[in-house]
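These are the residues of each chain, in order.
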Amino acid sequence: MAKVRGAVVVEKEGCKGCSLCVEACPQGVLALNKEVNSRGYHYSYMKNPDDCIGCSNCGMVCPDTCITIYRVKI
Amino acid sequence: MDIKDIIKPENLVYDKSKLQIDTIMHYCPGCTHGVVHKILAEVIDEMGIQERTIGVSPVGCAVFAYNYIDIDWQQAAHGRAPAVATGIARTNPDKIVFTYQGDGDLASIGAAEILHACNRGENMVVIFINNAIYGMTGGQMAPTTLLGQRTSTSPGGRNVELNGHPLKITEMIAMLPGVHYVTRQSAHTASTVRKCKKAIRKAFENVMAKKGTSFIEVVSTCNSGWKMTPVGANTWMEENMFPVYVPGELKDNDKQVPSEKN
Amino acid sequence: MGELRLMKGNEVLAEAAIRCGCDGYFGYPITPQSEVMETLMELQPWETTGMVVLQAESEVASINMVYGAAATGKKVMTSSSSPGVSLMMEGISYIAGAELPCLVVNVQRGGPGLGTIQPSQADYNQAVKGGGHGDYRLITLAPASVQEMHDFVDLAFNLAFKYRNPAMILTDGALGQMMEKVELADFKPRWTREEIQEISGSWATTGKTASRERNVVTSLEMDPGKMEQNNLRFQEKFKAIQENEVRYETFMCEDAEYVLVAFGTSSRICQKAIELGRAKGIKVGLLRPITLWPFPSEVIASMTCRVKGFLSVEMSAGQMVDDVKLAVFNSGCTVPVEYFGRMGGILPSPNEVIEALESKLINR
Chain A
1 MAKVRGAVVV EKEGCKGCSL CVEACPQGVL ALNKEVNSRG YHYSYMKNPD DCIGCSNCGM
61 VCPDTCITIY RVKI
Chain V
1001 MDIKDIIKPE NLVYDKSKLQ IDTIMHYCPG CTHGVVHKIL AEVIDEMGIQ ERTIGVSPVG
1061 CAVFAYNYID IDWQQAAHGR APAVATGIAR TNPDKIVFTY QGDGDLASIG AAEILHACNR
1121 GENMVVIFIN NAIYGMTGGQ MAPTTLLGQR TSTSPGGRNV ELNGHPLKIT EMIAMLPGVH
1181 YVTRQSAHTA STVRKCKKAI RKAFENVMAK KGTSFIEVVS TCNSGWKMTP VGANTWMEEN
1241 MFPVYVPGEL KDNDKQVPSE KN
Chain S
2001 MGELRLMKGN EVLAEAAIRC GCDGYFGYPI TPQSEVMETL MELQPWETTG MVVLQAESEV
2061 ASINMVYGAA ATGKKVMTSS SSPGVSLMME GISYIAGAEL PCLVVNVQRG GPGLGTIQPS
2121 QADYNQAVKG GGHGDYRLIT LAPASVQEMH DFVDLAFNLA FKYRNPAMIL TDGALGQMME
2181 KVELADFKPR WTREEIQEIS GSWATTGKTA SRERNVVTSL EMDPGKMEQN NLRFQEKFKA
2241 IQENEVRYET FMCEDAEYVL VAFGTSSRIC QKAIELGRAK GIKVGLLRPI TLWPFPSEVI
2301 ASMTCRVKGF LSVEMSAGQM VDDVKLAVFN SGCTVPVEYF GRMGGILPSP NEVIEALESK
2361 LINR
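From first to last, the protein sequence lines are chains A, V and S.
When the count follows my numbering, it moves up by one through the first sequence with no breaks and lands on 74 for the last residue.
When the count follows my numbering, it moves up by one through the second sequence with no breaks and lands on 1262 for the last residue.
When the count follows my numbering, it moves up by one through the third sequence with no breaks and lands on 2364 for the last residue.
A hint or two may mislead.
[What the hints assert, rightly or not] Partial pick of chain V residues on the chain S-facing surface, computed with a CB cut under 8 Å:
id, residue
1, K1016
2, R1052
3, D1070
4, A1076
5, A1077
6, A1083
7, A1085
8, I1088
9, E1113
10, H1116
11, V1160
12, L1167
13, S1224
Calculated from the structure, these hints are not laboratory results.
The C-beta atom is built at its ideal place from N, Cα and C for all residues, glycine as well.
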């Protein structure tokens, strides 16, 4: 069975830390960073990158369109 | 497999539409406007209608919609977007016109304009963002504010005797013969975003086919105005807004038979 | 010579709009100007020139339809009468703020409030001093005949496009309902897509192409510094209009000791009054402002040092008289400026005008 791996790139400065992507992720990949970006937001990042399946749910719900998603079959 | 091997152009599956202008939106964290703007940019881009599309932005938080999607825009006075769009559409029948309006704009001050534009069946798309509150002015009661809902002008909760009932204007619109397509969507989960995009695409296709007015309500959150977290606002919306503003199709003339809700 | 016809002022507004290549009319019925839209609906220009005519749900909607169409570079207009024009003030302010060209016709009736359906000139201040909010000006033309009702439609559009500013024809119920001989202009074709692109392509929402930035029509600017710059730019434009577009007519002013100042219907009454006055040996003339804004202040100033007084004759409680006083004040010479007028839909009679001239100026 083909396994799918994904990766999420969050544009750090565009993220407002709303955490809708964290909530939307079925794999528990994303979390809000303890660090803040230059505007003071705890930006989203891949806490568990190995679990990402590139489903794009996080990108869909992101109001700030700061998520880019990659996916590959392995 | 290393992350670097996944993040390659050939593996790209989701990215910002090229019609979405590369700038940080002024909206609060978690605001539904951002999601709907993104959908609009994607639909206009995918349909290849940038040169034919003219957007009309309202008064309210979305007044600056013109800063985010790379098309020609007009900014309308509060509530008047449907009249402005009528002027554009009537004198430019080759253009694809949409209005983008909030609940204060569309259902309160602009109630006359939206009803009459829809009743004339103006060939345009209406995107109606219903978050049951005036966001831009600081969280006042809107015509769609729920009974009991606290706002800065209904601090004890909306009360029927004082404020009347929440206005289900989308149901009213669906009754008008001139309107071709009426649907109520949300955009708070991946699946609802996908459905909402499908509905918006259909609406634009309807206008291209000159079928008259297509009206899309997006039940939305205003977590700042509601004084909740973005995630908490989504839950509150599902629990409190959806029973009153029930998502689903209200009318589709393509299917000949109007749905039961109409 | 163009086609001659006997027509009502309101009807000729419609005819002139079609003939000058107007792209659209949006209106709402109100007495005494309903014949404008009725005539258009009868003539069905959408079948001939392609001009769009639409009855809106209100004056609020009609002016916003004008805004929408004007922003695409189209030549569009609306018409109404006083209470309806009050409803349009929001839209007119937005149109001025967004720097869009359009034509608004006000066939005035008496106010305030619902007032009367009889003619009046009491919307003078509303037209020339603002009416809507913010620092803006309306290019305001005051016809005094059915012929001018016709001619000023094309003129108003030309000025509106030249300066990207709304223009108003400020007329009244008497001229709207009056029938006179009129020479009609030949039909001018509506602008083509290419012509619109050439005339207004730099700002109009004609659809964003790869070759240009997106055009955004808005009156909003959150940065106060930029908003002040916008206002300064508007003021420069208004100054240019004041310098270049003042229009007026004088009648028997060469030897006049007293000058009546009147526009539109009251200027016609004044012409008769001058005949009566001259018969009595009074050297009286008439200055008729054709543009109420920009106001012919300089011509008044130039007369000030050689006349004995001005009488502003109006169908209002005295509005234009303030502008006459300002013009006199700025001239350096001091002569009395008085007002005479009737209100509520009553026209001043020529005799009353001469009596007022005698009592207020000659025998003061």
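Hint-by-hint comparison with the structure:
no.: 1; hint: K1016; in the structure: 17 Å, violated
no.: 2; hint: R1052; in the structure: 5 Å, holds
no.: 3; hint: D1070; in the structure: 6 Å, holds
no.: 4; hint: A1076; in the structure: 7 Å, holds
no.: 5; hint: A1077; in the structure: 5 Å, holds
no.: 6; hint: A1083; in the structure: 4 Å, holds
no.: 7; hint: A1085; in the structure: 6 Å, holds
no.: 8; hint: I1088; in the structure: 4 Å, holds
no.: 9; hint: E1113; in the structure: 6 Å, holds
no.: 10; hint: H1116; in the structure: 4 Å, holds
no.: 11; hint: V1160; in the structure: 29 Å, violated
no.: 12; hint: L1167; in the structure: 18 Å, violated
no.: 13; hint: S1224; in the structure: 18 Å, violated
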